[in-house]
Amino acid sequence: MRDVTARPRRVSLGPIALTLPAVVGLLLFFVAPFVTFAVYSFMTSGLFDVSQPFTTAAYETVLGSEVNRTLARNSFWTGLFAASATIAISLPIAFWLRYAAGRWQVPVLFLITGTLFASYLVRIYAWRTILGRRGVLNTGLESLGLIDNPLEFLLYSRFAVTIALVHIFLPYTVLVLYAAFGPIGSGLLEAAQDLGAGAVRRWTRVILPLVAAPAASAFVFVFVLSAADYVTPEFLGGSNGIMLGVRVKENFIATGDWPVGAALALAMLAAFVLLYALVTLALHLVGVRRVRFVT
Amino acid sequence: MTPAPRVQIEEVTQRYGPVTALAAVSLEIADGELLTLLGPSGCGKTTLLRAVAGFIRPTTGRVLIGGVDMTRVPPHRRPVNMVFQRPTLFPHLDVAGNVAFGLRVAGVTGAEQTRRVTEALSLVRLDGYGDRRAHELSGGQMQRVALARALVNRPQVLLLDEPLSALDLKIRLEMEVELRRVHRETGATFVYVTHDQREALALSDRIAVFDEGRLVQVDTPHDIYRRPASPFAARFVGDANVIAADAAGGGVTVAGVRIPVAAGHEGPAWLVLRPEVVGVQPGPAGPLVGTVADVAFRGTGFTYRIDVAGLAEAVKAEVSGGTPIEVGQTVTLSVDPASCLLLPREE
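These protein sequences, in sequence, are chains A and B. Residue numbering for the first sequence is 1 to 295, as defined by the numbering used here. Residue numbering for the second sequence is 1 to 347, as defined by the numbering used here.
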């Protein structure tokens, strides 16, 4: 047998070979387009074309625009409401699934994840049907006599966009939080109860601190995806539900102003990175650390 | 006048559908004593403990703590604390935070809180461990933190649900010593649950033996060991031989051999023989003869299982010192009539 201490060890090829496809894929489909985008944002616009000289004109247009500021506010609030509502609804559901569902656990989990089988677009259309003037909700309320005329604000509004986004992301957050509750044994909650903590205190002093980190991740996940979305606002947003993502898409597909589209996209990215940093800082300040569970 | 009992359990019954976990159990626990609920798995001892803790509301009956009816009071409002089988320390808090949990909930803050936490950690000999985390501790240390976490609240009753069963033997023996010391030093009322009769004998002021939901006997360890009230108690505590026999005229006939036992009992009986009172001699030297079926080395001696003609079960004997007698050898058993116990037997 070789004496391993006598000569320098050879670099093992196995792990490198296994990760290489993933790294290549990441470089090709993520890093390269991103770099291309970044470069575009500093170039001069042509019609569906970019050219030199390098300039910051695109950024000036993007950041100076009044419309963009309104849309940014729109996107921010939609993202915030969607993320908050999704987490707020998912927490009790995940809690129930983990501790109280018993034999209902599997069927309910199946139902929740089952909605993911329907495509994203199908779900958006479904909301159009439900919220429309002749939709299920309006006709239902009218037949019950609660309203005389159909409610207009239901569809083609920020309200519709937010509801649809919550519906779309709920299965993901329920699953993430359900998994987060996994290592929190019911013994832990019993111990808290034994030590004098009623239901509210059990939530504030045991459950929330332990799921704060996963919940914050899920929150950022939903926020970013919601605020940047361009399909949902296009189908359900009407004129006052437009968000920034739609503008990025417009610039690339309709207007043909690539540098501006790219600059807008990168500006949004910068904002999301800032958000992520703020959330991480907030967690740290509140004292939430990564928790090591003991089996 | 005897002081009022700390815990009174009155006719507590717990049913889960067709299953009766507890059948009309009545028990009084004196202030400051360490009482053990002992029995095999499924006998109801943990169910009763949880009824005292408040995690179970009994189907019928009452639980009184400190003279107050607590049957309907939820666990977080009872003046009791529990040490669970698994330590269940909060992973997001350090040791001091864990111990302080109950105090914080009760509104004890600042210097008072720090003082009591330090005191509690001292009590369990974990001074200076305050800033450690659960995953940095051994099993025994975690249970000691759990003990401190419970005791720091000065509960009227401390409940312990098989707290040592998840620990290694050596740590368990050390923890037994710790538990006795903590009980002495605090003077608190402890209710202990275990299926380990050896542990029960070592720790308790009194033992309550349970069999399938019924309370079978409550006595001091010494009395239960020497004078079990039923075949079940005799078998469970001390692992005694319980042999069917017939008592007549001041003696008992077992496997054709007559033993003069002064019992004043007539008719069908159970002869209770603790393994350590059965003498074993190699060779056929007397009337009670058998064959060795199993030998186990115990360090201090040997445990034998001996088949005797006419007896349904093998006789268990513990012999200290000496040389082992091999399986298959013929042996003679001897019994001191003074160490025999007779219990009535129903046909």
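Simulated from the structure, these hints should not be mistaken for laboratory data. Among the clues, some could well be false.
Stated by the list, open to error - Chain B side only, calculated, beta carbon under 10 Å to chain A, not exhaustive:
no.: 1; residue: Tyr16
no.: 2; residue: Gln85
no.: 3; residue: Val105
no.: 4; residue: Tyr129
no.: 5; residue: Glu136
no.: 6; residue: Gly140
Predicted model, so just to flag it, every value in this text is computed and none were measured. Idealized CB from N, CA, C, for every residue including glycine.
Results of checking the hints against the structure:
1. Tyr16: It is violated, given that the least Cβ distance between Tyr16(B) and chain A is near 15 Å, above 10 Å.
2. Gln85: holds, 9 Å
3. Val105: Interface hint status for Val105(B): holds (4 Å vs cutoff 10 Å).
4. Tyr129: violated, 15 Å
5. Glu136: holds, 9 Å
6. Gly140: violated, 14 Å
In this structure, the hints that do not hold are numbers 1, 4, 6, in rising order.
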